[in-house]
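> Sequence:
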Amino acid sequence: MTTPTRTETPDRTTRTNRNRGFAAMDLSKQREIASKGGKAAHAQGRAHEFTADEARAAGRKGGESVSRNREHMAAIGREGGLARVRNRNLKAAGTTGDVTRTPAE
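Each residue of the sequence shown is one higher than the one before, counting from 2 in the numbering used here.
Everything labelled a hint here was simulated from the structure, so no lab data went into it.
You may find that some hints are simply not true.
Each computed SDA-like pair below joins lysine to any residue, with the alpha-carbon atoms no more than 25 Å apart [claimed, not checked]: (1) K37 with G22; (2) K92 with G82; (3) K92 with E72; (4) K40 with A59; (5) K62 with M74; (6) K37 with K62; (7) K40 with K62; (8) K62 with Q45; (9) K37 with R21; (10) K62 with T52; (11) K40 with S29; (12) K40 with E50; (13) K40 with A53; (14) K40 with M26; (15) K30 with K40; (16) K30 with N18; (17) K92 with I77; (18) K92 with E80; (19) K37 with F23; (20) K62 with A41; (21) K37 with H49; (22) K37 with A56; (23) K40 with N18; (24) K37 with N18; (25) K40 with E55; (26) K62 with E72.
Could you build the full structure based on these sequences and the hints that come with them?
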């Protein structure tokens, strides 16, 4: 559970914000419940299973919408290039492990 925080409401009283319900549960408990829901949906015939063609079309559609923003695509490429150089330098220094992100400079 997360640490509660106090916020001021419009009537100037304070209340404690905490995760409630599903968000307050342990991650393994959330997965267990979600798994049961998925199994029940499949058993009832309500779950949709994507075909390879549907999945391919969805991926293409998402890729097209993301690639319209050239600045975003450039940032992705730049980050990947920097990560590659960083990992190569770590490997040369004898450090193990893949470091993929550092705080923005």
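> Please go over all the hints and tell whether each is borne out by the structure.
Against the structure, the hints:
| no. | hint | result |
| --- | --- | --- |
| 1 | K37 with G22 | holds (17 Å) |
| 2 | K92 with G82 | holds (15 Å) |
| 3 | K92 with E72 | violated (30 Å) |
| 4 | K40 with A59 | holds (24 Å) |
| 5 | K62 with M74 | holds (15 Å) |
| 6 | K37 with K62 | violated (30 Å) |
| 7 | K40 with K62 | violated (28 Å) |
| 8 | K62 with Q45 | violated (30 Å) |
| 9 | K37 with R21 | holds (20 Å) |
| 10 | K62 with T52 | holds (15 Å) |
| 11 | K40 with S29 | holds (16 Å) |
| 12 | K40 with E50 | holds (12 Å) |
| 13 | K40 with A53 | holds (21 Å) |
| 14 | K40 with M26 | holds (20 Å) |
| 15 | K30 with K40 | holds (15 Å) |
| 16 | K30 with N18 | holds (21 Å) |
| 17 | K92 with I77 | holds (22 Å) |
| 18 | K92 with E80 | holds (18 Å) |
| 19 | K37 with F23 | holds (14 Å) |
| 20 | K62 with A41 | violated (30 Å) |
| 21 | K37 with H49 | holds (16 Å) |
| 22 | K37 with A56 | holds (24 Å) |
| 23 | K40 with N18 | violated (33 Å) |
| 24 | K37 with N18 | violated (29 Å) |
| 25 | K40 with E55 | holds (22 Å) |
| 26 | K62 with E72 | holds (19 Å) |
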